[in-house]
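Here is what each chain is made of, one letter per residue.
There are 2 protein chains.
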Amino acid sequence: MDQELSTRILSAVDDLFDREIEFLTELTSHPSTRGQEQSAQAFMASALTERGMEVDQWQIDAADIRDMPGFSPILGDYEDAQNVVGTHRPRTAKGRSLILNGHIDVVPAGPLDMWDRPPFEPHVANGWLYGRGAGDMKAGLASNLFALDALRHIGLAPAADVYFQSVVEEECTGNGALACLARGYKADAALIPEPFEEKLVTSQIGVIWFQVHLKGLPTHVAYAGQGANAIEAAIPLIAALHEMEHRWNAAENRHPDFAHHQHALNLNVGKIQGGDWTSSVPAWSVLDLRMAIFPGQDIKAAKTEIEQVIYDAARGNEFLKNSLPEVVYHGFLAEGYALSEDTSPTATAAIGALDRAHLATTGETLDRAAITATTDARFFGLYADTPALVYGPRAEAIHGFNERVELESIRRITQSTALFIADWCGVETL
Amino acid sequence: MDQELSTRILSAVDDLFDREIEFLTELTSHPSTRGQEQSAQAFMASALTERGMEVDQWQIDAADIRDMPGFSPILGDYEDAQNVVGTHRPRTAKGRSLILNGHIDVVPAGPLDMWDRPPFEPHVANGWLYGRGAGDMKAGLASNLFALDALRHIGLAPAADVYFQSVVEEECTGNGALACLARGYKADAALIPEPFEEKLVTSQIGVIWFQVHLKGLPTHVAYAGQGANAIEAAIPLIAALHEMEHRWNAAENRHPDFAHHQHALNLNVGKIQGGDWTSSVPAWSVLDLRMAIFPGQDIKAAKTEIEQVIYDAARGNEFLKNSLPEVVYHGFLAEGYALSEDTSPTATAAIGALDRAHLATTGETLDRAAITATTDARFFGLYADTPALVYGPRAEAIHGFNERVELESIRRITQSTALFIADWCGVETL
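First to last, the sequence lines map onto chains A and B.
Mapping of the first sequence onto the numbering used here: position 130 corresponds to residue 130, and the numbering continues sequentially without gaps.
Numbering-wise, the numbering used here comes out as the position in the second sequence, counting from 1, plus 1000.
Simulated from the structure, these hints should not be mistaken for laboratory data.
Every value quoted in this text rests on a predicted model; they were computed, and no experiment measured them.
Glycine included, each C-beta is placed from N, C-alpha and C at the ideal position.
Careful, some of the hints might be misleading.
Computed from the model, here is a short list of chain A residues facing chain B with C-beta under 8 Å [as the list claims (entries may be wrong)]: (1) E171; (2) A222; (3) I231; (4) E232; (5) N266; (6) G270; (7) Q273; (8) A373; (9) G400.
Sequences and hints are given; from them, build the entire structure.
Written as structure tokens, this is what we have:
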């Protein structure tokens, strides 16, 4: 790309940057936790329509994706889980096609009293925008949109098909991105601006969610010795799972991209509930856990080992050995994905284009990172032969309180993205 | 009491026994868990009215009892917590007055799939009546009622004031019995047929309910090492509380009535809840615990020690040491009570009357028991100078699944109770 075009694109992002932050602020004010994404998706759909894109908004049907690789089990069917895809068609398709993907769902805010300001009343302070989902990843959706706007601002449009995807379910299954594949959306590359500090993600771990249902032998606490406490029975199981976590993280088990990461695979006891009455020995408890796996680690084998560890620990409990815990999967059964292993010419070209865009924007070379989370990139990379570049802004406290995203970082990501689109897709005049 | 009267009373209970079990079956079908006692109380009130008693049914007002000794803290005020008391007045008061007390509230049924048959569809099988609350303690309420019926059946009535109490809140605070005291109900003795295997309870432990609120530092699980898991943080606190439990149960700390009981004081982790999202390090958890104390053990000192143990354990946690758990009391703050320590002539006389009644019914001497639970007896014994005799039928799996009470045991308890009333209150002809 010539220097002059590059400079015009960077300036165009600057010109629109206040509007971009306004857009992000409004988008963040939609409390789009799982099941509540409708108003945020309507906002996205209307933004795409205004820009002249052809908008496809549909309800996910589990039947369409249940038998596809990468599907994660869900409880029941989907109600009101809607994806939005806007399609840009060039007058003449000269360049390579592109998917700009982002997820609209955000994780729960948690206890509101632990936030300095309400999570869905976003505000800017000291160069950061605060709010649940601001970083993870509505800033990415805004960046994708305003990168296209910047081109239009200077009378240009991508010279290839561009699919703008706003998907649900990224935070629990990935079935939103999978449903886009099922609907036939394909391109030469995908870009996902998840908030990983302006680095290119070369590798991401896989994630397994599992529930452990424990039973106990209830009794009046007066006879607690004769009962079996279904809450306390969980404690040795948690300890055994941490031992497994320790083994899986051992140096000899690591994927090369995580060779120097001491603890890439985290076990999380994310939720627990149990018991009905303070003076009754509890008859039941349910734990929701998350465990990570390396790219290439087999999900089926991982599940088997998780179950074995749980059963073995349970056999040490007088009551549980005759009433083994039940392990239920609903939520992530996500494989790891390593872009670093994609040596195809397309991947090499896409990474090269992003390298150039980042350098032109920041004056620095693009850093690589192997991340300890999953993203929807796996669907493109593993199941659609499409290199997926995860590259997004700097955010802090994602999934925590006072989640925030840095404004200048959003600006840089939007600029790089606009340059990347112009390079990858080529441009044509409006 | 002459032999002939005794025989007539025993037969009268037999004559009415089928009706008693019918009554108990219907009473057990009312699902009178905390807050849902209204239909069961209406049923009791109408049974008392039918029998010509003067019925007092009232809504507990926390303001009436809040400053009384024995009050247990509650969340908010009471809504729809109604006590029922039926009063029998003799034509001529010759004997000693009596309170026949029982509680109408039952503990939650727990997961329904763990019951062989629905908990509130009581049924008789192999000599037992099954259902939540059948044993704890609707059989006792039925026994109290049909003991009076048996006297009436042979043309007699107690020759003293008898107060038939059906109270709420026994399973969580005792504030129902306390509200009866506040309303002025007093008598020379009280009988409470709680299901302790036809033994006379000489001593009962005290109970403290406490909630522990833990905070954590939430984060995306990808960075779990930087967060603080509010669920797992509970584990060392539970361990520390078990150490305290062990100390409190040590031989040198035991009340004499529990000298040979290795473990009278049980700690129960009864309920737990925590976390909002499987892939977020949980920011909060809440535990509901129950700990017992010996008669004579000071509640205030016990609370202080519980808090100290929790804070000390929390200080071992990098995050919690700067964000100590909150300990909240709502529910039992119940002192222990030892009838065995009441050497008053009234207590001696009441126990003697029950000894005789039990012997006449069963041909065996009345066994004594020190129990590891609390009952409403403490209000009469500790705060109203009224000896309270806890003496009721054999039940199994109270607070558990398939709770049941033995029919022949109910018959014997009803017979002993009728004899006891005739002896203690005297009788007059109708």
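Index of numbered hints that the structure contradicts, given in increasing order
none
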